[in-house]
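Enquirer: If you want the building blocks of each chain, they are given just below.
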Amino acid sequence: MSDLDPMSLSRLQFGMTALYHFLFVPLTLGLSFLLAIMESVYVMTGRAIWRDMTRFWGKLFGINFAMGVATGITMEFQFGTNWAYYSHYVGDIFGAPLAIEGLMAFFLESSFVGLFFFGWNRLSKLGHLTVTWLVAIGSNLSALWILIANGWMQNPVGAVFNPDTMRMELASFWELMFNPVAQAKFVHTVSAGYVTGSMFVLSVSAWYLLRGRHRAFATRSMIVASAFGLASALSVVVLGDESGYGVSEHQKVKMAAIEAMWETEPAPAGFTVFAIPDQQARENHAAVTIPWALGLIATRSTDIELPGLNDLVKRAEVRIRNGLVAYDALERLRADRGNAEARATLAAQAGDLGHALLLKRYVDDPRTADDATIARAARDIVPSVPPLFWSFRVMVALGFFFIGLFAVAFWRSCRRDFDHPLFLRICLWSLPLPWLAAELGWFVAEYGRQPWAIDGVLPTFLASSALSVAQVLFTLAGFVLFYSSLLVVDVILMRKYIRIGPADALRPPSAPTSTPSATATSAAASARTRQPASAA
Amino acid sequence: MESLLDYESLRLIWWLFLGVLLIGFAVMDGFDLGVAALLPVVARDDVERRVAINSIGPVWDGNQVWLILGAGAIFAAWPAIYAAAFSGFYIALFLVLVTLILRPVGFEFRNKIADPRWRGFWDAALTAGGVVPALVFGVAFGNLLQGVPFRIDGDLRVLYEGGGLLELLNPFGLLAGLVSLAMLTTHGAVYLALKTEGRVRERATAFIGIGAPVTVLLFLLAGLWVAFGLSGYALVGEVATGGPSNPLFKQVELRPGGWLANYAAHPWMIAAPVLGVLGATGAWLATRAERPGTAFVLSASGIAGIVATAGVSMFPMLMPSSIDPVSSLTVWDASSSHRTLLVMLVATLIFLPIIVIYTGVIFRVLRGRVGPADIQSQSANLY
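So the sequence lines, in the order shown, correspond to chains A and B.
If you're matching positions, the first sequence starts at 33 in this note's numbering and goes up one per residue.
If you're matching positions, the second sequence starts at 10 in this note's numbering and goes up one per residue.
It is worth saying that the hints were derived from the structure and are not from the lab.
Quick reminder that beta carbons are idealized off the backbone N, C-alpha and C, glycines included.
Fair warning: there could be bad hints in the mix.
Said to hold, decoys possible - Chain B stretches covered by chain A per the calculated footprint, using a threshold of three residues with CB under 8 Å from any CB of chain A:
no.: 1; segment: 194–208
no.: 2; segment: 217–231
no.: 3; segment: 360–366
What the hints assert, rightly or not - Chain A is faced by these chain B residues, among others (derived, beta-carbon under 7 Å):
no.: 4; residue: Gly81
no.: 5; residue: Ala85
no.: 6; residue: Ser96
no.: 7; residue: Phe103
no.: 8; residue: Val370
no.: 9; residue: Phe372
no.: 10; residue: Val374
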C-alpha cells in the first residue's frame, strides 16, 4: 500500500484538519470559562473594569470562536465523505453521541454566543451573565459528547456485531456514555483547554505589563488567569489521560508503545525518562528509567503488571486465530442465513472478528492466510514507537512546566506583584506551549490508536470511502491552502486587536459616515492614521 | 405504546424527523443563506451591507446548527445514507464546506479592518457562502430524485461508478438547484423585509416580487419534469418493514412517472406541493399587503411544503441507485438499529422542545429592526 492511496491521503487530510480544528477548540473551552468568571466578578462588584475585561477578552474569543466553528463543520462531514465504510460499520453507535452533541450542547453554545456579543445593551446584567455561562457550559458539554464518541473509538464498549446488517450495533447506551476512557479523556481535554485559555490571558497581559500599558486591566486579568491556570494545570497532570490506558487491550498496546516497553516488566514498572527506541530491533538504547513510577501512574497500584509489546503481539496472534473462526462462521452465515450453528459460533467469537480483518491488508480472504502472514498482521498492532515515545514525553514535560509557571504566577498574584521582567517575559514566550502540548496529546491519542480506526473492531485501512486519488488530493490540497490562509488572517487579526488594546478595541475600527464615497475614503484614512497608533 | 415503538414505527418517526430537521435547516439557516446571497442585490454601500449582515448577525450561528444537527442525525439514524450520500457527493460537498467555512470567518473578520478592499473580499465570500450551499443542496436533491450511480457490495461497502461534480450538474439537477436558490433567496428577502429598515428593506421587498413567482414557476416546472421526464423507483415483492437494515434483501423496479404513485395511493400527500405553491405565493401577497410577519410564516410554510414534496414523492426511497436499483437505500433498510433509533428518539423529544423554546426567547430579545442609525450608534458592538 503506497502512501498515495486514497486511504492514506484521507488519513492525512483528517489528521491535518483535526490538527487545525484543535488549534481553536482549547482556547474556546478555556476562554469561555474565564469570560464567565470575569463577568461574574463584574456582576458581583459592579466595577466597570471587569465588564471591559469580559468584553475585550470576548472580542479575541470571538475571532477564535469563528475559526473553531468554521473548522469544526469539516470534522463532522469527513466521516461521511472520506470514511464511508466507517460510517456504515459503526454509525449505529458513533453517530448517536455526535447527534446528541448537536441537540444538547452545540445548539446551546451557538445560539447564545450571538447574544453574548450582541446582547450587552438588550439584557440585564444578570441576564447577560447567564448567557455567558450558558456559552461556557455549552462548549464544555460539546467537548463531553465529542470525547464520548472519540473514547468509543479507543475503547468500543456497549456494542455487538450484527451479521444481518454487517455492522456494529448499539447494545448499551449506558456503557457508551460512561465509558471510562471517555470520562478520563473529557477531564483531561477540558483541563488542557483551561490551561490554554489561562496561558493566553497570562501571556497577553504580561505583554501589556512589559510595555507598561493597561496596568489595571492586565493585573486583574493575570490574577484570574493564574488562579484558574494553576488549578487546571494540576488537573491536567493529576487527572491525566493515562488513567484510561489500562482498561482495554489496545489501550495497553498504546501505553506500552508510549513507554517503549518491549518486554513485560515485573510490577510496578519503571518510567523511562529517556531512551532511543529501536522499532526494528524491538529494544531501547541509552535508557534512563525511574523505578516504580510508571506502574504507580498507570495502574495506581504496586502489584498490577503492565504487559510489554512483545507479549501483546503474541496475544494479538491468538485473537487473530480466534477471529478467523468468527470470520469463517460469518462467511457460512452469509451463504446460508438460516445456518444456526454458524450464527452461534459467530456470536461466541465476534469479539475477535476485527482481528481477522487485519489480514485483509495482505489477503482478500483472511481464511487463506498462512502462519507468516498471521504473525505479520499481529505485529501490525504495534504503532510506530519513537514518535509516540517522544511526543508523550514533551507533552508531560510541558504539563509540569505549566504547573510551575502558574504556581509562580499565583504566588505573585497573592503578593499583588507581577512586575518582574524575567517572569513576564517567560509568561509571554510560553504563549504557544499549551497549543504544542494539546496537539502532541491529540497526536499520541490518535496516532497511538493505529492500526485501528475502532480499537480491535475495524482496521483503519478498511474504513475509508471508495474515492479516487485525484479526488482526495484535490480536497487535501484545497484544505491545506484554505486553512493556512485563514490561520494567517486569524493570527493577524488577533495581533492587531491585542496591539490596539482594551481601550480602543471596544470602539469601531472607523467612524462610519452616511454617504458611501465618504465611507470609503474616511475608512482608508482612518486605517492609515491607525497604523502609527497601533505600532506605538 | 408497544406497537407505536416497534421497528417499523421508529423508522417512520425518524423519516419524519429527517424531514423536520431538513425543513428546520431550510427555514432557519435558509434565511441566513438567502440574506448572504442577496448582499449585492439589496445593499449598495458599506452601511447598507452592514444593515443586512447585522440583521442575521446574532442568530446565524445558532441557525447553522440545524445543518450540523441534520448531518449528525443522519449519521446516527440513517448511517447508510450518511456513508453513501456524503462520499458520493464528494467534490460538491467540499465546495459547500469551503463556502460554509467562509461564512463564520466572513461575519467575524469583515468589520475588523476598515479597508474597502478587505470588506469587499469578505462581502464576495459571504455571497458565495449563501449562493453555493443553497444551489448545491438543491442539486443534491435533484440527483436523489434521478437516482445516484452507486452499488453496494456484499460487505455493504458503497462503490460509485462516475457521479462526479459535472455529472451532478445535469439539467434536472440544475433545475432543482435553481428551485432551492430561488426559494432561499426569496426567504432571505422576506426576512430582510421583516428585520431591516431603509433602502435594504425597500430593495428586499422589491426582490420578493420577482423571487416568489420565480420559485413557484420553477417548482411547478420541476414537478412536470418529475411527472413526465423521470422514472420513479418502487419496491416490489414482499417488503420487510421491520427487518434488518440490509439493502440487499429486497427487489426494486423503475417505473416512468413512478414518483407520482404515492399521490394516487395517498391523496392527502398532495398537501405538500400545494403548501409549497400557496406558501410562496402567500408570502408574495402578504408582502404586497405590508404584512411582513405573515409573509415570513407563509414563506417558511412554502419551504416546508417544497422540501416535504421531495420526501413524500420518493417515500419509502431515500437514495435510489441508478446503476443497481437493488442497492437503493430506503426507509426500511438504511436505518440504525431499533435501540439506537429509540435512544435518539428520547434524546430528540427531550432536547428539541428546549431548543425551540430558547430560540424563541433569543429572537424575542433581539426583536425589532436593524437600520442605518443602529449601525452608526452601536458600530463597535456589531459586525
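Enquirer: For each hint, tell me whether it holds in the structure or not.
Expert: Against the structure, the hints:
no.: 1; hint: 194–208; verdict: violated (count 0)
no.: 2; hint: 217–231; verdict: violated (count 0)
no.: 3; hint: 360–366; verdict: holds (count 3)
no.: 4; hint: Gly81; verdict: holds (4 Å)
no.: 5; hint: Ala85; verdict: holds (3 Å)
no.: 6; hint: Ser96; verdict: holds (4 Å)
no.: 7; hint: Phe103; verdict: holds (5 Å)
no.: 8; hint: Val370; verdict: violated (9 Å)
no.: 9; hint: Phe372; verdict: violated (10 Å)
no.: 10; hint: Val374; verdict: holds (5 Å)
The structure fails to meet hints 1, 2, 8, 9 from the earlier list, while all remaining hints are met.
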